[in-house]
Structure formats: structure tokens, C-alpha cells
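*Asks:* What follows is each chain in one-letter form.
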Amino acid sequence: MSLLSLKSVSAGYNGRPVIDNLSFSVEAGEIVGVIGPNGSGKSTLIKAMTCFLPLMKGEISFKERSVSQMPLSELARQLAVVNQHSSTELQLSVAAYVLLGRMPYRDRWHMWESTEDVKIADHAMQQAGVMQLKNRIFSELSGGERQSVVIARALAQQPEILVLDEPTTHLDIAHQVNLLDLLRRLNKEQGLTIITVLHDLNLAAEYCDRLILLNKGNLFVEGRPEEVLSYETIEAVYETLVVVGKNPVTGKPVIFMVPEESRLATGVMQE
Amino acid sequence: MKTFIRSPRIGLLILLAAVPVCALASLAVGAAGIPLPVLIRNLSHSVLSVEHEILFRIRLPRIVLAIAAGGALSVSGVLLQGLFRNPLVAPYTLGISGGAALGVALAIVLGLANTFAFSLPIAGFTGALCVMGIIYGLNAARRIKDVQGMLLIGVMISFMATSLFMLVMAMSRSEDLHGIVFWIMGSLDEPDIRLVYGLAVVSLIGLGAAYLFIRELNAMALGEQDAHHLGIDVHKARKRLFLLASILTGITVAVTGVIGFVGLVVPHFVRLFFGSDHRYVLAGAYMGGAVFLLACDALARTIISPLEMPIGVITGLVGGALFISALARKRLGVG
Numbered sequence: 070m071s072l073l074s075l076k077s078v079s080a081g082y083n084g085r086p087v088i089d090n091l092s093f094s095v096e097a098g099e100i101v102g103v104i105g106p107n108g109s110g111k112s113t114l115i116k117a118m119t120c121f122l123p124l125m126k127g128e129i130s131f132k133e134r135s136v137s138q139m140p141l142s143e144l145a146r147q148l149a150v151v152n153q154h155s156s157t158e159l160q161l162s163v164a165a166y167v168l169l170g171r172m173p174y175r176d177r178w179h180m181w182e183s184t185e186d187v188k189i190a191d192h193a194m195q196q197a198g199v200m201q202l203k204n205r206i207f208s209e210l211s212g213g214e215r216q217s218v219v220i221a222r223a224l225a226q227q228p229e230i231l232v233l234d235e236p237t238t239h240l241d242i243a244h245q246v247n248l249l250d251l252l253r254r255l256n257k258e259q260g261l262t263i264i265t266v267l268h269d270l271n272l273a274a275e276y277c278d279r280l281i282l283l284n285k286g287n288l289f290v291e292g293r294p295e296e297v298l299s300y301e302t303i304e305a306v307y308e309t310l311v312v313v314g315k316n317p318v319t320g321k322p323v324i325f326m327v328p329e330e331s332r333l334a335t336g337v338m339q340e
Numbered sequence: 079m080k081t082f083i084r085s086p087r088i089g090l091l092i093l094l095a096a097v098p099v100c101a102l103a104s105l106a107v108g109a110a111g112i113p114l115p116v117l118i119r120n121l122s123h124s125v126l127s128v129e130h131e132i133l134f135r136i137r138l139p140r141i142v143l144a145i146a147a148g149g150a151l152s153v154s155g156v157l158l159q160g161l162f163r164n165p166l167v168a169p170y171t172l173g174i175s176g177g178a179a180l181g182v183a184l185a186i187v188l189g190l191a192n193t194f195a196f197s198l199p200i201a202g203f204t205g206a207l208c209v210m211g212i213i214y215g216l217n218a219a220r221r222i223k224d225v226q227g228m229l230l231i232g233v234m235i236s237f238m239a240t241s242l243f244m245l246v247m248a249m250s251r252s253e254d255l256h257g258i259v260f261w262i263m264g265s266l267d268e269p270d271i272r273l274v275y276g277l278a279v280v281s282l283i284g285l286g287a288a289y290l291f292i293r294e295l296n297a298m299a300l301g302e303q304d305a306h307h308l309g310i311d312v313h314k315a316r317k318r319l320f321l322l323a324s325i326l327t328g329i330t331v332a333v334t335g336v337i338g339f340v341g342l343v344v345p346h347f348v349r350l351f352f353g354s355d356h357r358y359v360l361a362g363a364y365m366g367g368a369v370f371l372l373a374c375d376a377l378a379r380t381i382i383s384p385l386e387m388p389i390g391v392i393t394g395l396v397g398g399a400l401f402i403s404a405l406a407r408k409r410l411g412v413g
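Taken in order, these protein sequences are the chains called P and W.
Here the working numbering is used: the first residue of the first sequence is 70, the next is one more, and so on.
Here the working numbering is used: the first residue of the second sequence is 79, the next is one more, and so on.
Below, simulated EDC-like cross-link-like pairs (lysine to aspartate or glutamate); rule was C-alpha separation at most 20 Å, straight line: (1) W:LYS314 - P:GLU143; (2) P:LYS315 - P:GLU295; (3) W:LYS317 - P:ASP176; (4) W:LYS314 - P:ASP176.
If you are wondering where the hints come from, they were derived from the structure by calculation, not from laboratory data.
It should be emphasised that the depicted structure is a prediction, and the values quoted were computed from it without experimental measurement.
Whenever a hint applies, use it, and build me the whole structure from the sequences.
*Replies:* So this is what it looks like as C-alpha cells:
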């Protein structure tokens with residue numbers, strides 16, 4: 070039984086589908102990377118998968134249950150989302166921010182978090198490695214710190230699936246690696262299932278068990294990074310010339326770009 | 079900008095103390111100077127005297143009204159600023175006051191002013207209700223895509239209501255004009271004690287109701303998409319918060335007329351001091367609004383005594399100056 074499965078899902082804006090007839094499934098304990106060029110429907114897919122965007126067609130089910138039939142707070146207990154655009158203006162302490170992740174567990178008559186909630190939030194901060202930021206103000210954090218704190222909040226939701234939309238954007242390479250290392254650890258140690266949109270194909274190759282490559286709203290190919298990231302596929306989808314090599318340490322595929330000058334000089338284009 | 083959010087509870091306690099202090103101070107000042115000993119004697123015993131009459135028949139209702147109106151407008155401002163995630167939104171931005179003013183002006187021009195009990199408040203509230211209904215209806219029919227669209231439509235309706243209001247003014251007789259202008263400037267001088275205590279109850283119920291939307295308000299501060307992912311039905315929340323805020327504003331405006339700036343400035347300052355957690359911001363805004371309006375009213379009654387300044391003039395001047403100084407400090411990075 071798949072944890073999450075999409076069956077011929079179409080979704081989009083103003084009656085025009087951005088993703089069209091998409092089907093795939095995610096097994097428990099996987100790290101799945103969603104990749105594709107700009108405008109291929111990655112973010113739309115995330116929005117549809119998390120019920121933020123109503124489906125035009127098809128069905129998404131979580132443990133055989135239709136996601137659109139689930140109450141939103143129940144969905145939030147199963148599936149946590151780290152958004153691409155989170156508010157940075159919040160005048161909240163990090164501890165208070167992470168506690169927001171306990172919201173799906175309370176109804177409107179319970180205004181304050183229980184000691185249990187505080188314990189879970191503390192644990193989430195420990196896991197995300199942001200315990201030392203506990204008393205800092207959210208809006209005063211650096212981009213990298215903020216992203217880890219957002220992940221701590223998502224962990225406080227105690228979800229089975231963590232969905233991330235380009236979590237490494239705006240981060241330097243050290244923070245990118247730290248963040249993805251953290252996701253890997255959560256996945257290994259707790260069996261957290263992770264679905265993440267990634268722009269950087271090399272990071273996707275390095276950290277994901279399986280890749281889903283979207284092109285123009287359709288699933289172009291899916292499979293292990295070695296299968297998906299061939300130069301034929303990348304050139305066909307991204308319409309640019311690349312060379313695919315191997316990371317000498319991990320053996321995972323590495324994509325090298327070829328600038329126009331070198332293309333002309335070496336005559337690769339003619340091949 | 080630095081905030082004092084590490085101690086919002088202390089801030090609440092300070093405000094809680096400030097409300098009775100300001101109320102007492104406000105009780106003591108006015109055209110008829112009442113010395114403190116006389117004031118205290120009148121408060122502790124019931125004596126039949128002129129001072130007693132002034133204190134309990136004139137000043138006390140005013141104070142209650144200042145607290146209720148200040149609280150209601152500020153809470154409404156917090157709700158709308160939270161809903162639209164825009165610190166420049168005020169209870170009047172969406173045309174609620176424009177609708178109320180139009181309703182009152184029409185009632186005066188049509189000669190309904192003194193035909194039945196509470197005619198002007200009812201006319202004002204009806205006007206506010208119409209504006210509210212248009213915005214709510216468009217939103218409920220999902221004709222409005224997002225909160226920004228809702229805000230823009232509110233602003234446009236506000237302009238239209240103001241234009242119609244001016245049309246009514248242009249066509250009205252000069253004796254009616256006076257009544258309209260007097261009403262639009264807003265006043266805490268409400269002769270009917272039932273309206274005063276009615277508004278006090280409504281404002282407290284409004285505050286209590288706002289606390290039922292704590293999850294929505296706190297989640298929506300992250301943005302609508304994040305709120306959704308925390309299990310909040312954003313569309314429903316939008317409708318309910320808008321309804322609560324506009325009913326609160328509509329009733330307040332119907333009783334006091336248009337008192338500007340409270341609902342804009344006070345929430346802003348409360349957030350500055352209390353941070354983004356609405357559990358503190360809401361109570362802080364109610365008390366902050368009460369203190370602000372009490373202080374402005376005391377000023378309005380004394381500054382050109384024995385005459386009175388319109389309260390809206392004071393709230394606008396004081397509030398505007400405070401707002402500008404806060405923004406300027408933010409620019410300069412001080413504080």
C-alpha cells in the first residue's frame with residue numbers, strides 16, 4: 070500500500086490545467102525529489118498535493134483515503150509543508166513559532182498549548198538543531214536559520230510526510246548541504262517520508278531515493294537518480310546541453326553545464 | 079525593529095492598570111473643575127449635588143463610551159490587519175464608515191432623524207451593513223480571488239460611498255447639513271445611556287468572539303498558504319473575521335459617529351510592543367484603544383475649555399503624530 074498516491078490528477082488556475090493527468094505514488098520512508106524546468110508545474114503539484122489548490126480532475130489519496138475528504142486539521146497532522154514563501158516579518162520568538170506547529174492538534178476552545186505540546190516542540194527544535202535559537206526573534210534570523218526553524222515547526226506537527234517546496238533556495242552551499250543532511254537524518258532515523266521540490270539537479274541526485282521529472286505539466290520520467298538524470302533526458306526537458314558525470318565520493322550522477330563559448334569551441338554541438 | 083515581546087504579560091498588566099487610572103483622571107477633568115477631594119467624596123458616597131450629577135450623568139457615560147468605542151475599534155483593527163496582513167488597514171478602510179455616514183446623511187435629509195427611537199444609529203448601522211453585505215457577498219460567491227482583491231474592492235466601495243455621501247450633502251438643506259457634519263466628526267457625547275452600555279457589552283462580546291479566532295489569526299500571520307497547511311480553512315476564516323470586524327465597527331460607528339485613527343494606530347503600536355501573538359495583541363488592543371480614546375477625550379474636553387474640540391480632531395492629530403514618529407524611528411533604525 071502506498072502512503073500517498075496520485076491518480077490522473079489535473080490542477081491549475083482559471084480553468085487552465087498546469088499539471089495534467091499526473092499519476093505517481095510515494096512509498097513510506099522514501100525521499101522523493103520533484104524536479105523540472107521553470108513552469109513545469111512543480112509548485113502547482115505541491116499545492117494540489119496539499120489541497121491548497123482544488124483538483125480539476127483525479128484523486129489524491131493518503132493511506133487509501135481521499136485527501137480532499139479529510140478535514141484540514143487532520144491533513145495537517147499527517148502532512149506538513151515547508152513553503153517556498155514564508156512570512157519573514159513575524160515578531161515571534163522561535164519557541165513560539167515552532168509551537169504554531171501544534172495548532173492542528175487544538176480546537177478553537179483551547180487557546181494555549183499544553184505542556185505536552187511544549188515538550189513536542191522542544192523535541193522538534195532539537196531534531197532540527199535550532200534549540201540554541203529558542204529565544205531569538207523569528208524575523209531577526211538569517212535565511213539558513215529561518216529555514217531550519219520552519220522545518221522544526223513542520224516537525225512539531227508530527228507528520229508522516231514532510232513536503233518541501235524548494236527548501237534550498239537562497240541558501241549558500243553549506244546551508245544547502247546541512248539542510249538536506251538534516252532531512253536525510255530525519256528520514257533514516259524516524260522513517261519520515263519526504264517529498265521535496267528541488268531546482269538543483271545535483272542536490273536532487275545526491276539526496277533523493279527517487280526522482281520525478283516534470284515537463285510541461287506532465288510526468289516525463291520517474292525513477293532512481295541514475296535512471297532519470299541521463300544527458301538525453303536532461304537535454305530533452307531543459308533544452309540545454311549538459312555533461313553527466315559521477316560524484317567521485319558518492320558515485321551519484323553530477324550534471325555539468327556547458328556554456329555557449331565552449332560549445333562552439335569544442336564543436337560538441339555538431340555531435 | 080526591536081519589540082518588547084519577551085514580556086507581553088507585563089505589558090498587559092501595565093495596560094490593565096492604565097485603564098482605571100486614565101478613567102479616573104478623565105473623570106476629574108472637564109469644563110466644571112471638580113477638585114479631587116470632592117471627586118472622591120462623590121465616588122464613595124452618593125450625595126445629591128451638582129458635582130454628582132456631572133460626574134455620573136455626564137462624565138461617567140462618556141468614559142464608558144470611550145473605553146467601549148476605543149476597545150471595539152482597536153480590536154476590529156487588529157482583526158482586519160491580521161486578515162489582510164497589512165498594517166495600513168483600518169476598520170474604516172473597507173467603507174464601513176462611508177456606508178454608515180451615507181446612511182445617517184440619508185436619514186437626516188429624508189427627515190427620519192427624530193421619527194423613531196435610535197433612528198440615526200439604526201440608519202448608520204444599516205448603511206454599514208449594506209457595504210458589509212456587498213463585500214461579503216462578492217467574497218462568498220468567490221468572485222474575489224484573494225484578500226488583496228477583497229481589500230481593493232473595499233477601498234473602491236468606500237470611495238463610492240463617500241461620493242454618494244457628498245452628493246447627499248450637496249443636495250441637503252443647510253440645517254440638515256449641520257446635523258450631518260456634526261455626526262460625521264464623531265462624538266463621545268451620547269445622551270442615551272442605553273446606547274452607551276449597549277456598546278460596552280457589544281465591545282466585550284466582540285473581544286471574546288475575537289479570541290475564538292486566535293488560531294486563524296496566528297496562522298494567517300504566516301501567510302494564507304501556511305495557514306492552510308496548519309489546518310485552517312482560509313476561505314472560511316476570511317469570511318468570519320471580516321464579518322466580526324465589520325459588525326463591531328458598524329455598531330461602534332452607529333453610536334459614536336466616525337472617530338478615526340484609533341483602529342489604525344492602536345493595533346500598530348500594540349503589535350510593536352507585544353509582537354505577533356494575537357493572544358496578547360487582542361487584549362492589549364482593547365485596553366490600548368480604551369486608554370488612547372480616554373486620553374484623547376480628556377484632551378478634547380480641556381484644550382479649549384469650556385468649549386470642546388471634536389474628538390476626531392484630537393485622535394487624528396495625536397494618532398498621526400505618534401504614527402509618523404514610530405515610522406521615522408523605524409527608518410532610522412532606532413529603538
